[in-house]
Amino acid sequence: MDWQGQKLAEQLMQIMLLVSGVVACATSYILGSFQMMVLIYAGGVVLTTLITVPNWPFFNRHALKWLDPSEAEKHPKPQQSVSSKKKPAKK
Amino acid sequence: MHSFGYRLNALLTFSVTILALMCAMASFSDNLNTPSPSVEIQIVNINWFQKQPRGNDEVSLTMNISADLQSLFTWNTKQVFVFVAAEYETPKNSLNQVSLWDAIIPAKEHAKFWMHTSNKYRFVDQGNNLRGKEFNLTLHWHVMPKTGKMFADKIVMSGYQLPEEYR
Numbered sequence: 001m002d003w004q005g006q007k008l009a010e011q012l013m014q015i016m017l018l019v020s021g022v023v024a025c026a027t028s029y030i031l032g033s034f035q036m037m038v039l040i041y042a043g044g045v046v047l048t049t050l051i052t053v054p055n056w057p058f059f060n061r062h063a064l065k066w067l068d069p070s071e072a073e074k075h076p077k078p079q080q081s082v083s084s085k086k087k088p089a090k091k
Numbered sequence: 001m002h003s004f005g006y007r008l009n010a011l012l013t014f015s016v017t018i019l020a021l022m023c024a025m026a027s028f029s030d031n032l033n034t035p036s037p038s039v040e041i042q043i044v045n046i047n048w049f050q051k052q053p054r055g056n057d058e059v060s061l062t063m064n065i066s067a068d069l070q071s072l073f074t075w076n077t078k079q080v081f082v083f084v085a086a087e088y089e090t091p092k093n094s095l096n097q098v099s100l101w102d103a104i105i106p107a108k109e110h111a112k113f114w115m116h117t118s119n120k121y122r123f124v125d126q127g128n129n130l131r132g133k134e135f136n137l138t139l140h141w142h143v144m145p146k147t148g149k150m151f152a153d154k155i156v157m158s159g160y161q162l163p164e165e166y167r
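Heads up: the sequence lines are chains A and B, in that order. For the first sequence, my numbering gives the first residue as 1, with consecutive numbering after it. For the second sequence, my numbering gives the first residue as 1, with consecutive numbering after it.
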């Protein structure tokens, strides 16, 4: 799952759970059945699990573009010249 | 959100939090219900009225109880416990409560009832103060919700009197 997909998954999870909670509360208060609330909410949780927990392809539409290895060699990582002073234990 | 386990964990935590909120709201919604229960109790007969060998007065009586407690039930009500208590004053105690009958009402369909019964529990005084005693019959109820706070209330009915003589 890429970065955008992770953000999408979290937002989807929160919104879907909140909506199913509100729907469950409202319908069962109107119908006067506590059992209905639990069932609707359980259904909402299962649906949310199915949508946001597995790594579906639509969470992977924004793949990171890494630099080409040959390109990376032209810009070498800065070397730490003073590292020996910081780690006296390794002498 | 980068792995399967992390997403599942986040989902379960958040869903249980919302479930708790929903239960709190269900409990709160009980406050919107203003119950108007009604009850009537007639004492049909004093079956017997005597002094126990130890000196305590004991009465057996037959009652007609008709009650409509349907308005106590909301969508968040598990059951309702009701009991009828005889309440009276004696020189020693300003309030004596003797439970005569009780019941558990499991559903709204059973909350409107009529009942002809003698006292389920013995009506015994601590002493011999019952001759000619005026007393109240009080219907107490405790509403047990599925989630949240329990409610209790009562209806007091006065104007009952025991006979002057043992029989």
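Honestly, I wouldn't trust all of these hints.
Claimed, not checked - So, partial list: chain B residues that the calculated Cβ filter (under 8 angstroms) puts toward chain A:
1) Met1
2) His2
3) Thr13
4) Phe14
5) Ile46
What the hints assert, rightly or not - Between beta-carbon pairs, the in silico distance windows are:
6) A:Leu50 with B:Lys78: 57 to 67 angstroms
7) A:Leu47 with B:Ser29: 46 to 56 angstroms
8) B:Ala20 with A:Arg61: 18 to 28 angstroms
9) A:Lys74 with B:Thr17: 21 to 31 angstroms
10) A:Leu39 with B:Phe4: 20 to 30 angstroms
11) B:Phe4 with A:Arg61: 38 to 48 angstroms
12) A:Phe58 with B:Thr147: 33 to 43 angstroms
13) A:Pro78 with B:Val16: 40 to 50 angstroms
14) B:Tyr121 with A:Leu39: 32 to 42 angstroms
15) B:Ile104 with A:Phe58: 45 to 55 angstroms
16) B:Ala107 with A:Leu50: 49 to 59 angstroms
17) A:Leu47 with B:Ile43: 33 to 43 angstroms
18) B:Ile104 with A:Leu39: 17 to 27 angstroms
19) A:Val23 with B:Asn9: 35 to 45 angstroms
Worth flagging that the hints you see were computed from the coordinates, not collected in a lab. By construction, the Cβ of each residue, glycine as well, lies at the ideal position given by its N, Cα and C atoms.
Hint check results:
1. Met1: Holds. Min distance 4 angstroms.
2. His2: holds, 6 angstroms
3. Thr13: violated, 10 angstroms
4. Phe14: For phenylalanine 14 of chain B, the interface hint holds, since the closest Cβ of chain A sits about 6 angstroms away, which is under 8 angstroms.
5. Ile46: Check failed: Cβ of isoleucine 46 of chain B comes no nearer than 43 angstroms to chain A, outside 8 angstroms.
6. A:Leu50 with B:Lys78: 57 to 67 angstroms: For lysine 78 of chain B against leucine 50 of chain A, whose Cβ atoms are near 32 angstroms apart, the range 57 to 67 angstroms is violated.
7. A:Leu47 with B:Ser29: 46 to 56 angstroms: violated, 25 angstroms
8. B:Ala20 with A:Arg61: 18 to 28 angstroms: violated, 35 angstroms
9. A:Lys74 with B:Thr17: 21 to 31 angstroms: Violated: the Cβ-Cβ distance is about 50 angstroms, outside 21 to 31 angstroms.
10. A:Leu39 with B:Phe4: 20 to 30 angstroms: holds, 26 angstroms
11. B:Phe4 with A:Arg61: 38 to 48 angstroms: Violated: the Cβ-Cβ distance is about 19 angstroms, outside 38 to 48 angstroms.
12. A:Phe58 with B:Thr147: 33 to 43 angstroms: holds, 37 angstroms
13. A:Pro78 with B:Val16: 40 to 50 angstroms: holds, 47 angstroms
14. B:Tyr121 with A:Leu39: 32 to 42 angstroms: holds, 41 angstroms
15. B:Ile104 with A:Phe58: 45 to 55 angstroms: holds, 53 angstroms
16. B:Ala107 with A:Leu50: 49 to 59 angstroms: Check failed, 35 angstroms falls outside 49 to 59 angstroms.
17. A:Leu47 with B:Ile43: 33 to 43 angstroms: violated, 59 angstroms
18. B:Ile104 with A:Leu39: 17 to 27 angstroms: Since isoleucine 104 of chain B and leucine 39 of chain A have Cβ atoms about 26 angstroms apart, the given range 17 to 27 angstroms holds.
19. A:Val23 with B:Asn9: 35 to 45 angstroms: violated, 24 angstroms
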